Structure formats: C-alpha cells, structure tokens
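There are 2 protein chains.
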Amino acid sequence: MMHVPDDVVAGLRSRLGPGRVLDDPDTLARRSLDTWPLPLVQQVVGREPPAPSCVVRPASTEEVSTALAYLTGNGIPVVPYGGGSGVQGGAAPPPGAAVIDLGAMDQVLALDEDNLTVTVQAGVVLGVLETWLGKRGYTGGHYPQSIDLAQVGGLVATRSSGQFSTHYGSIEDLVAGLEAVLPDGRVVRIESQPRRAVGPDLRQLWLGSEGAFGIITEVTLKVFPRPPDRWLQAYGVGSMRAGLDVIHGIMRDGWKPAVVRLHDAVEAARSFRGAVSEGECILLLLSEGPEGYARAEGAAIDARARAAGLRPLGPKPVESWLEVRNDVRELEKYLRRGVIVDTIEVASPWTAIADIYEQVIHRLVEEVPEMIVASGHSSHSYAQGTNLYFVLGAQPLRDADDMARVYEAIWARVMETTLALGGTISHHHGVGRFRARWVPQDLGTSYELLRRLKGAFDPLGLMNPGSLLPAELAPLEPHP
Amino acid sequence: MMHVPDDVVAGLRSRLGPGRVLDDPDTLARRSLDTWPLPLVQQVVGREPPAPSCVVRPASTEEVSTALAYLTGNGIPVVPYGGGSGVQGGAAPPPGAAVIDLGAMDQVLALDEDNLTVTVQAGVVLGVLETWLGKRGYTGGHYPQSIDLAQVGGLVATRSSGQFSTHYGSIEDLVAGLEAVLPDGRVVRIESQPRRAVGPDLRQLWLGSEGAFGIITEVTLKVFPRPPDRWLQAYGVGSMRAGLDVIHGIMRDGWKPAVVRLHDAVEAARSFRGAVSEGECILLLLSEGPEGYARAEGAAIDARARAAGLRPLGPKPVESWLEVRNDVRELEKYLRRGVIVDTIEVASPWTAIADIYEQVIHRLVEEVPEMIVASGHSSHSYAQGTNLYFVLGAQPLRDADDMARVYEAIWARVMETTLALGGTISHHHGVGRFRARWVPQDLGTSYELLRRLKGAFDPLGLMNPGSLLPAELAPLEPHP
Numbered sequence: 001m002m003h004v005p006d007d008v009v010a011g012l013r014s015r016l017g018p019g020r021v022l023d024d025p026d027t028l029a030r031r032s033l034d035t036w037p038l039p040l041v042q043q044v045v046g047r048e049p050p051a052p053s054c055v056v057r058p059a060s061t062e063e064v065s066t067a068l069a070y071l072t073g074n075g076i077p078v079v080p081y082g083g084g085s086g087v088q089g090g091a092a093p094p095p096g097a098a099v100i101d102l103g104a105m106d107q108v109l110a111l112d113e114d115n116l117t118v119t120v121q122a123g124v125v126l127g128v129l130e131t132w133l134g135k136r137g138y139t140g141g142h143y144p145q146s147i148d149l150a151q152v153g154g155l156v157a158t159r160s161s162g163q164f165s166t167h168y169g170s171i172e173d174l175v176a177g178l179e180a181v182l183p184d185g186r187v188v189r190i191e192s193q194p195r196r197a198v199g200p201d202l203r204q205l206w207l208g209s210e211g212a213f214g215i216i217t218e219v220t221l222k223v224f225p226r227p228p229d230r231w232l233q234a235y236g237v238g239s240m241r242a243g244l245d246v247i248h249g250i251m252r253d254g255w256k257p258a259v260v261r262l263h264d265a266v267e268a269a270r271s272f273r274g275a276v277s278e279g280e281c282i283l284l285l286l287s288e289g290p291e292g293y294a295r296a297e298g299a300a301i302d303a304r305a306r307a308a309g310l311r312p313l314g315p316k317p318v319e320s321w322l323e324v325r326n327d328v329r330e331l332e333k334y335l336r337r338g339v340i341v342d343t344i345e346v347a348s349p350w351t352a353i354a355d356i357y358e359q360v361i362h363r364l365v366e367e368v369p370e371m372i373v374a375s376g377h378s379s380h381s382y383a384q385g386t387n388l389y390f391v392l393g394a395q396p397l398r399d400a401d402d403m404a405r406v407y408e409a410i411w412a413r414v415m416e417t418t419l420a421l422g423g424t425i426s427h428h429h430g431v432g433r434f435r436a437r438w439v440p441q442d443l444g445t446s447y448e449l450l451r452r453l454k455g456a457f458d459p460l461g462l463m464n465p466g467s468l469l470p471a472e473l474a475p476l477e478p479h480p
Numbered sequence: 001m002m003h004v005p006d007d008v009v010a011g012l013r014s015r016l017g018p019g020r021v022l023d024d025p026d027t028l029a030r031r032s033l034d035t036w037p038l039p040l041v042q043q044v045v046g047r048e049p050p051a052p053s054c055v056v057r058p059a060s061t062e063e064v065s066t067a068l069a070y071l072t073g074n075g076i077p078v079v080p081y082g083g084g085s086g087v088q089g090g091a092a093p094p095p096g097a098a099v100i101d102l103g104a105m106d107q108v109l110a111l112d113e114d115n116l117t118v119t120v121q122a123g124v125v126l127g128v129l130e131t132w133l134g135k136r137g138y139t140g141g142h143y144p145q146s147i148d149l150a151q152v153g154g155l156v157a158t159r160s161s162g163q164f165s166t167h168y169g170s171i172e173d174l175v176a177g178l179e180a181v182l183p184d185g186r187v188v189r190i191e192s193q194p195r196r197a198v199g200p201d202l203r204q205l206w207l208g209s210e211g212a213f214g215i216i217t218e219v220t221l222k223v224f225p226r227p228p229d230r231w232l233q234a235y236g237v238g239s240m241r242a243g244l245d246v247i248h249g250i251m252r253d254g255w256k257p258a259v260v261r262l263h264d265a266v267e268a269a270r271s272f273r274g275a276v277s278e279g280e281c282i283l284l285l286l287s288e289g290p291e292g293y294a295r296a297e298g299a300a301i302d303a304r305a306r307a308a309g310l311r312p313l314g315p316k317p318v319e320s321w322l323e324v325r326n327d328v329r330e331l332e333k334y335l336r337r338g339v340i341v342d343t344i345e346v347a348s349p350w351t352a353i354a355d356i357y358e359q360v361i362h363r364l365v366e367e368v369p370e371m372i373v374a375s376g377h378s379s380h381s382y383a384q385g386t387n388l389y390f391v392l393g394a395q396p397l398r399d400a401d402d403m404a405r406v407y408e409a410i411w412a413r414v415m416e417t418t419l420a421l422g423g424t425i426s427h428h429h430g431v432g433r434f435r436a437r438w439v440p441q442d443l444g445t446s447y448e449l450l451r452r453l454k455g456a457f458d459p460l461g462l463m464n465p466g467s468l469l470p471a472e473l474a475p476l477e478p479h480p
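Those protein sequences? They're chains G and X, same order as listed. Quick note on the working numbering: the first sequence kicks off at 1 and runs consecutively. Quick note on the working numbering: the second sequence kicks off at 1 and runs consecutively.
Don't take every hint at face value.
[Claimed, not checked] Simulated DEER-style distance windows between Cβ atoms:
#1 G/R186 x X/A10: 51 to 59 Å
#2 G/L111 x X/I372: 41 to 49 Å
#3 X/E113 x G/D327: 36 to 44 Å
#4 X/E330 x G/A420: 52 to 60 Å
#5 G/G19 x X/G309: 44 to 52 Å
#6 X/V45 x G/L111: 48 to 56 Å
#7 G/G309 x X/E113: 21 to 29 Å
#8 G/A308 x X/E113: 17 to 25 Å
#9 G/S60 x X/H362: 34 to 42 Å
[Unchecked claim] Chain X side only, calculated, beta carbon under 10 Å to chain G, not exhaustive:
#10 N115
#11 E345
#12 S381
[Said to hold, decoys possible] Keeping only pairs whose Cα atoms sit at most 25 Å apart, straight-line, the calculated SDA-like set for lysine to any residue is:
#13 X/K333 x X/V391
#14 G/K135 x X/T351
#15 X/K135 x G/G254
#16 X/K135 x G/R252
#17 G/K135 x X/R252
#18 G/K135 x X/K135
#19 G/K135 x X/G254
#20 X/K333 x X/Q145
#21 X/K135 x G/T351
Treat the hints as calculated values from the structure; they're not laboratory data. Predicted model only: the values in this text are computed from it and were never measured. Using N, Cα and C, we set each Cβ at its ideal position, and we do this for glycine too.
Same shape as in the complex, but just chain G (with noise of 0.2 Å):
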C-alpha cells in the first residue's frame, strides 16, 4: 500500500496547526496496534506490525473534517483511532494509511438531566464517563470489560455490548444522537428525539460502521439515575444445557435481569473454586431497577432456578465476579509469554446455543493439538436466544507463521462450527480486520446492503479499508 507523500503530511500539518500531526517513530509504533491478540503475540517473537504514516490528533469536528477532506481528497486511507481496546484489529492500520486519533476529543460537552442523555466528544473514555456520572448520581448503564481503554465513540462504531446489557440494552439502545464526519468532510449530526418515524434510523448506520463509512465525533448517550434496588444470586449447575434452559425460561417469562451469567465447568473451577463441586457450572444472576423491581424480578427467577433442581450458592460469587471482571492482567501476562490466548463470541437463536457450544469446544480440543484450553460461559440473553463467549489458549510458540497457523485454526473452526449450526460470527465483538473474511457468509444476501452502503458513503475505499468488509470485496464504485 502507498506510502503518505511528504507533501501530503505538510499541506495537513498548515492546515491544522502545530501538534496535531504527528510522525515521530514512537507515536507511529503506539498507533499501529489495537488489542488484537495475534499481532500482540507475534510481536513477542520479533514479528512488528506496519506502522501508520503519520497520526493526526484533531481537537475538534471541525479538526477532523478538515483532515479528512484533505487525506481522503488526496486518496490517502484513513484509519479512526479510538483507545485501542478493539481485538480485531479493526484500528490496526494497512501500511501507509494515515491514522485519525480521537483521543484529544475528551470532554463531557452536556449533561441534560430533564431528558436524561449526556453528550461527549467521541475520545472520552467510558471509565471516565462513568465516574463523573457516578458523581452526580447517574450510571450509563454500559460496562464492557474494556470500560477503562475504550473511547465512546469506538463502542458505537463497533456495537459494544455492556456486562449488564440484558438490563438496559446494548450500544445501540442507549446512543440517542450523534454527529459524525463523512469522508468528504461533510458534518451530520442526529438530534436526539425520544422517537422518530422520519424514515429508517440514522444513528444505526453509526452503530457498527467501524470507521467504514466516516468517523464518528460527539454522540449523545441515554442515562439512568443511579438504581436503588439490588438483588444478587448464584447457582450451581449440572451442565451447560441445563443452564441454558433456565436462563431460556427466565428470558421466555419477559425478565431482564441486568446480568446472566453461566460459566461452564472449566471456567466454574477456575474463578469459583470455593463455591462449586467438581464438574459443576456456575450461574451468576444481578437484578437492578427502581424500588420494588429488583426483588420482583429475583423471586421470579430464584423460584424457577429451584424448580429446574439448581443448587442456591448465594450472593458471594456474583460478588467476587463484580469486583474482579475487568481484570485481564492474567491474559496480559500470557500473550508476553507467547501464549496464544483469545476470546471468541457468538450468539445464536436458543435452539442451537447449546450444540455449537459443545462442538466447538469438541472441534478445538479434538482438531488443534496446540490447544491447552477451551471454555466459554453465556454472558448477555434475549428472548430469542443468547450469546457464548469462549475464552482460549494455545501452548507457547516461539515462530511468528506458526502463531498465525494456530490462530487461524481456532478461529475457523469456531466461526464455521458456528455458521453451519445457523449462529452469528460475532455478539459484540464487531468485525474488524481478521473477522472480515467471514461477514460475507454471515450476512447471506443482505451482504449486498453492506456493499451499498459502502458504495454510498465511501465510494473511494479510503475509509478503514480491509475493515468490516472484507478487503477484496470492499466496493470501489457505488453500484458493483
């Protein structure tokens, strides 16, 4: 892929000031990665990624209209760079490509406490967001475990998901207007409204863009005040089929617990040890609402939970689960050891979550003989089905090729064993670089839409290019 000219960077360097384009060798290494395992672990062994050209950091929509105008008007591809949380490599830059960095665009801009949305710049980091919400006695009511890195912006881009979205929806039901920047530099902003039948829904071809279609710059986000009610439960469990059934039923009945949690036996063993027997699942429950909701809706679901013969373990696991869930330094520390560990989600309609549960974990341990562990837990429901979440590792390899071999091994069993048994490629985890290639199989004939859009919003091809859709498939005319 082309390099960005010399002439390029200084005409973008006159037109937005000292600071903000940046081309130092260190700024260019922190910016040529996301949190994609593979790359993460290839680098143990020497493998560096591609580093971007240069990495602009606009302070402003106005900033980053002017950049994009400019790099897109000279054919430069452009990659929107959020706080890097992503695991698919969707912010890891092709080489050559210019980075836009949303990081400087980190203020709460408006707190409306009558109609209840906060509205950001799209670099705050949702931590921060939270806490100074915390302050004023509102939550957001989204905690993806990457709530410490990821920027607002990048979770509305790759249609996050939140430890408690059973409660009160994912990204897309809590973003309630936002602005945005076409590649050609055109401003759009959607005002929120409590409803709109104006045509189909704007702000939902932002949610899941992943930089494909422009960047994202302000959103506006739904809050809630603070829950006053809490009712916390754990189970125990026979297998993951029972499990699921349970949590089946309670969904079935219209229940929205803020958080459903069932782990499996591998990973019950590790993380709640004291609480379970041996063999044993673990079924974590968290209600939270106004006064009074919580504990309708607990006495509900514990009075099915005994009924289907689980075994009441009480609050404490569910405890010891919030106070350690977004920790992630023992994955850290294997990928420095050149262990491959990765986390997969999917989701399914309910009739076949429990099979491609079993068969992929079947597949991996039967078919990857560098496979150490497989496990995998249900963490977000609906009526309609639910999701699974596996978490993976290979033993150590010391060879750059071998690394990607296994990676590649793994994923594609889990994305085929998923797709055959009429399941989703990916729950939250959005598409990125890697996961492209499976979107077309994924989407059927509805992949045409995605085209479309592309064709529609980037008819050059010069936003986030080998993202989302997949590279040599990507359209570069409007109407293939």
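Assemble the complex: chain G is given as a structure, and chain X must be docked to it using the hints.
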C-alpha cells in the same frame, strides 16, 4: 407523469401469469387512495384522485422480484401498497405509476415457539396474525389502531408504534428478521439472530423505508407468551402539564407500563364523561408482564401518582378505553360529511413537550378560523421524552381547494411549532407524500444520509417517488 405503456402491461402479464396484473377501473380506483384524510374528504365534493396505471398482485417473493425488475427496467415508477391504512398518502400513487399490492401474500409461514418468533408474508393483516397467535397462547405485543387493516410489511415500512409500545417497544424493537426485494429484483434476506455485531443493523434500513428503497416481502417478528398478570388504573389530573410531569417521573424511575395515556380535558370530557370532573384531564395506565411484574410496577406507579395529588378513578376508564380504542367510525362519519378531521402525532424531549402541546392548540384555535375542535393526548412515553397526538376537526367545506388550504394551514402550524420548539415532526405515522416537505428540516444535516441511502438503493428514483423524500429533492444519482 408518464402512463405505463400498454406493451409494458402486456409484458408484465406474460411474465406473471393470469390474474396478477389488473387494470379494470374499479381496481385502479380502489388503489388510488390510502387513508390520507385530505383526498378522502375532497372526494366528498367530487374531486377524484389520480388512478394508477395498473395494479400488480404478486403471490410470492419471486413474483415481486419479477414485477419489480421488469417495471424499473422499463423506467416505470412503482408504489407498494399494503393495507391502505397509512394516513400520510404514502400509498397514494402519483398519476400513471404501477402499484404493487401485497394483499395476496397473506400467509403465516412459521411459528418458532422455542425462539419466540413468527415468520409471515408481508401482506398478512396484523389483526389476523394477532388472532392466530392468540389461539396458540402468544401475542405480538403490537396493537396500532390500524390493527385490523394494516399489513405487517406496511407497518415495518412506516415505523409503526402500537398502543402497548411503552412495554413491548415499537416495530423496530419487534422485527427479528426480514426479506426484501431491491428495485432491480434482487432478493435480500436478513436472518433472525438475538444480536449481531457484524456491521450496522441492516433491518433498520427497512424500518421506515416507506417503499423508497424496495419492497418488503417477508417479516420475522418477535412473539411473547401471553402475560399472566395485569394492573389497570386511571387518575384525574388538573392539567396536561401536571400529568406529563407524573409520566416523566414514572419513566425516569425506569418503569415501563404497557399503556400510559394522558388525554387533555377536551378528550376526557368527550370520551370519559362520567369519570372526570369539569376541566379535568385523565391519565390511563396499564401494566402487564410475568407473574409479579404488573403488581410491583402498579404499586410503584400508584404511589407516585397519589404523591403528586392525582385523583384515583379506578380501573373502569381503562377498561372502557380498551373496548373502544380502535373504533374510528365517528371520524369516518365526519369525513363523509365533508368535515376535515385528522390526527397528527409528534414527539419531543420532556423539556419541550408541554410547550408544544399548549402552543399548537393555541395557534390552531386562534389562527385557523375554520377550526372547530383541537385536542391532544400523550400515548407513547420514554425516559427521554414523549409523544403528542393531536385530534383535529375543521368546519365542513364545499370546495376541494378550500379544503386543501385549511388542511395545509392546520398542518403547517403543527409542524412549524413542533420544529421551532425542538420536537420531531412524526412519532409513528411516518412521512408519506404530505409530510415529506418537512423532512429536510426535521433531519437537518443528517438529511444527507437519507439522500445517500436513496441514491444507493434506488438510483433511478423509481421507488414510491415523492414519498419520504420530497420529490424536488430526491436524488436521481447516487452522489449529488
């Protein structure tokens, strides 16, 4: 506008087989109108709307595809026609257009009791489906007033909202999957998944598409086990402002009662005469859900209502509303006498809604001399705001141009006042032909996104031209 040439009609007949292409005067007359009040009332004084050139009644997705490809290939504008219950002229064809009437595609295809979905052809009447589901122990949770006329595809295309939407959500929350045909005949299917993070939610392109991008042929809807538990209560309220404050509090707490309706004093006196005092507004509430839910929600709401000094009226007014809620015979009677009667629904954040209510009523009464009644209610609430539904009547007129003048005078005041105070022009009736003129102002800079979508999916501008996007602004090329 052009007339469909005879040889094109003949070509269509030869491709679709007998009985599929109709051009007898009766059929053409019946498909020249939907439920848009202006042409309906103008018919009373002898003004007949322009008729379409032909009406195609496909029986399958394949036939829709054949018809659409052939018509657009010959440059013929196409108007999709569902149940004809739209009140904005969205299915009132421009002169000479071809109508594709989905009424023969009326089959329920599959009920999936495990994954709680039902898949139907787009032409199924919602009321028929609801009865079908009821016999099997389920509900769709979607009850617009048009339930006995409207078809599922049309409800998706117009962003319908039902009377129980505060609990079950509006149509965008209820569509699990769908199938549509693009103008060139290409069929796209979006399969149901509990959630996907594989690019933008492609269903959303069709929710509010109003026939502008293609034709919806099949829909998978969520279903719910019929709720075991219900709580009903009505209250007398001193003013709309006081009633809106109470609803705001309920929503802020996080409760989601299925029905939350606040009728102003004019409507309360008209429909709940025995229950309310002189000048009193009425608040109707209904909760339903799993065992224990309605009781908890009802208790919390009742405490809030009493604390705000509302006067409890018992469940009777809610029961009587449930009985008569879909009866529009009164309105139809007036229309047939040459009286302009219409309903206009808007929405706004909480901070603007009482001002919109008061100023709209004030302006209509003061500035439109022909006005004889102007009332309103709020019927769909959210934590971020609520809607207003105005019910309007003007004195009988004997001249069609006069009718148009008065009709436009009424609409202009409601739209302008709503926009000036920060609301949105439509909550759930959609845009159609008549409201399209206010769309650019409603969407502001984000109107560009809608133009891009139109260009991407209907580059020739043949799909329901003049609806959704105002005719003079609809792009004929993908990138204007």
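Okay, the hints, checked on the actual structure:
| no. | hint | verdict |
| --- | --- | --- |
| 1 | G/R186 x X/A10: 51 to 59 Å | 46 Å, violated |
| 2 | G/L111 x X/I372: 41 to 49 Å | 44 Å, holds |
| 3 | X/E113 x G/D327: 36 to 44 Å | 41 Å, holds |
| 4 | X/E330 x G/A420: 52 to 60 Å | 57 Å, holds |
| 5 | G/G19 x X/G309: 44 to 52 Å | 59 Å, violated |
| 6 | X/V45 x G/L111: 48 to 56 Å | 54 Å, holds |
| 7 | G/G309 x X/E113: 21 to 29 Å | 23 Å, holds |
| 8 | G/A308 x X/E113: 17 to 25 Å | 19 Å, holds |
| 9 | G/S60 x X/H362: 34 to 42 Å | 41 Å, holds |
| 10 | N115 | 4 Å, holds |
| 11 | E345 | 8 Å, holds |
| 12 | S381 | 8 Å, holds |
| 13 | X/K333 x X/V391 | 15 Å, holds |
| 14 | G/K135 x X/T351 | 23 Å, holds |
| 15 | X/K135 x G/G254 | 20 Å, holds |
| 16 | X/K135 x G/R252 | 18 Å, holds |
| 17 | G/K135 x X/R252 | 18 Å, holds |
| 18 | G/K135 x X/K135 | 51 Å, violated |
| 19 | G/K135 x X/G254 | 20 Å, holds |
| 20 | X/K333 x X/Q145 | 17 Å, holds |
| 21 | X/K135 x G/T351 | 23 Å, holds |
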